[in-house]
Amino acid sequence: MLKKNSVSINPYNYTYYQSEENSLVGVKEPSFIKDQHVISLINPKNFISSQIQIPKSIDEEDVFDTINLQTTDELSLDTEEIEYIIKYVEVINEESEEEFRTFNVFVVEDAALDEIYLPSVEHAKYIDYIVPTPLLYKTLYKEAIESSAAHIFIYFQDDNSFFTLYNNKEFVYTKSLNLSLDQMHDKYCEIYGEQMPKEDFIKLLLEDGLDEQKENYTYIKELFDDILSHISDIITFVKRAYDLMMIETIYISSSYGNINELDNFTNQTFRTTSTGFNFDYGVTQSQNIDAMHILMHLFREGDYDCNFTKYFRPPGFSKRDSGKLILLTAGSIILSMLYPVVYWSMTAVQDIEILDLKSRYSEIHNKKTSIEKQIKLKKDEQKIVKDKLKVVVDEFTNRKNTLTKIRSIKVDYPMKAKLIALFTKDFNRFKVNLLDVSYGENGDLKRFYFDLIAKNDKDITKLVKYLTDKKLKKFQFLLNKIAYDSELKVYKCALEVRIR
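Quick note on our numbering: the sequence shown kicks off at 98 and runs consecutively.
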């Protein structure tokens with residue numbers, strides 16, 4: 098559900114959306130409103146992400162310093178020349194018995210924040226929350242995605258694209274891809290052999306895409322063959338690094354919308370279920386809106402506590418130093434003037450309240466006693482009804498079990514006997530004898546096992562050919578190897594018959 102009076106900012110393309118009831122409306126630029134919630138994002142190309150581990154024995158108050166020191170050391174950060182902001186999210190694994198805690202760490206250069214966000218801050222005046230873009234997918238696991246298997250999200254943007262892995266509904270890994278829409282446009286023009294305006298290229302992707310019937314399919318296919326080859330290397334890495342047996346679904350899209358037939362093309366390439374960003378966000382859309390804007394409006398700070406903002410809203414008057422001084426001075430003057438009057442007034446009021454409370458206590462106590470008696474009576478009646486209900490439920494259960502047994506005897510057993518008789522007749526027709534028969538069920542799969550013998554192996558093959566020709570619509574036949582028994586001088590085999 099959208100936040101009321103919220104604004105999302107994409108600082109990379111200077112797009113802004115404001116919430117209005119259950120829809121988003123694009124605005125030319127954000128304006129300062131005192132009580133609106135402003136959220137923005139930071140793309141993987143502007144931060145370093147990594148996983149680190151620290152001992153569980155470290156006190157909670159020392160976790161922040163420990164993570165900062167270890168991150169600086171492991172990533173070889175030059176803290177003397179550059180000021181960094183480090184945020185982290187703990188990887189929760191309740192089943193793990195390891196002696197370490199694992200954290201996903203995000204590192205941003207402080208100077209980079211000003212370069213990215215100051216143009217927007219000039220208009221909005223503040224940004225409440227700046228979240229790493231891959232963490233926005235967390236909101237999809239509230240309602241849109243129910244599975245807790247491994248999922249990959251691939252999102253193409255004008256100047257940046259990125260790959261994100263989630264497992265057990267939690268963020269695991271992200272990587273910026275050197276495959277932005279701008280780079281795709283340049284590559285396509287190179288393959289096609291002539292220049293095409295960027296807007297025409299985007300329209301071509303959305304409308305024609307990887308549809309084999311379209312005339313530009315060959316060029317688009319060559320472009321995405323290279324792209325998916327690069328992505329394939331990343332998938333191979335993450336499966337090995339994070340011990341993943343399989344990827345359940347690949348979600349792939351762009352900031353302009355889903356690329357036509359790209360999901361099917363990806364599915365054929367990786368043999369993994371692939372789909373566009375076809376999520377039910379619960380947001381009314383009169384136009385195609387960048388999915389990242391929608392996710393920003395749906396994101397809640399409790400999803401992941403990882404806020405890079407340093408552009409806080411100005412404090413209220415009562416929280417400013419000057420405001421506190423003025424309020425304190427005014428309050429002191431008023432209290433000094435009112436003290437004598439208040440003292441005598443409060444004494445009189447308290448005497449009146451005491452008399453009123455004594456009167457009300459007697460009335461409430463009588464009501465309490467009456468209600469307690471009624472509650473006891475209802476509980477006794479409830480117990481009698483429960484006892485009667487138990488007798489009826491037990492009788493119903495016994496009758497249900499009896500009817501189930503009767504049906505099994507009337508329906509299942511005659512069916513099995515009828516089928517055995519039917520197949521025995523066919524065995525005799527081809528001079529094949531039945532040694533033994535058994536029956537088994539596994540869920541919806543029902544099957545017979547026939548042990549057969551014949552003096553001639555050709556009789557068995559003729560039998561199987563006849564069965565497959567005449568009865569393949571109702572049954573599936575599986576014949577094991579025909580073996581010759583030299584002592585009995587007969588041919589033996591096992592025939593499995595599955596009921597469709």
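Where hints are given, some of them may not hold.
Derived lysine to aspartate or glutamate pairs resembling DMTMM-like cross-links, with alpha carbons at most 20 Å apart [said to hold, decoys possible]:
no.: 1; residue 1: Lys142; residue 2: Glu240
no.: 2; residue 1: Lys586; residue 2: Asp548
no.: 3; residue 1: Lys131; residue 2: Glu117
no.: 4; residue 1: Lys142; residue 2: Asp211
Treat the hints as calculated values from the structure; they're not laboratory data.
Right, here's what the structure says about each hint:
With a C-alpha separation of about 29 Å, the suggested pair lysine 142 and glutamate 240 falls outside the 20 Å cut-off, and the hint is violated. Taking the CA atoms of lysine 586 and aspartate 548, the gap is near 16 Å; set against the 20 Å cutoff, the hint holds. Under the criterion of a C-alpha separation no larger than 20 Å, the hint pairing lysine 131 with glutamate 117 is consistent with the structure, at around 17 Å. Taking the CA atoms of lysine 142 and aspartate 211, the gap is about 15 Å. The hint holds against a cut of 20 Å.
In this structure, the one hint that does not hold is number 1.
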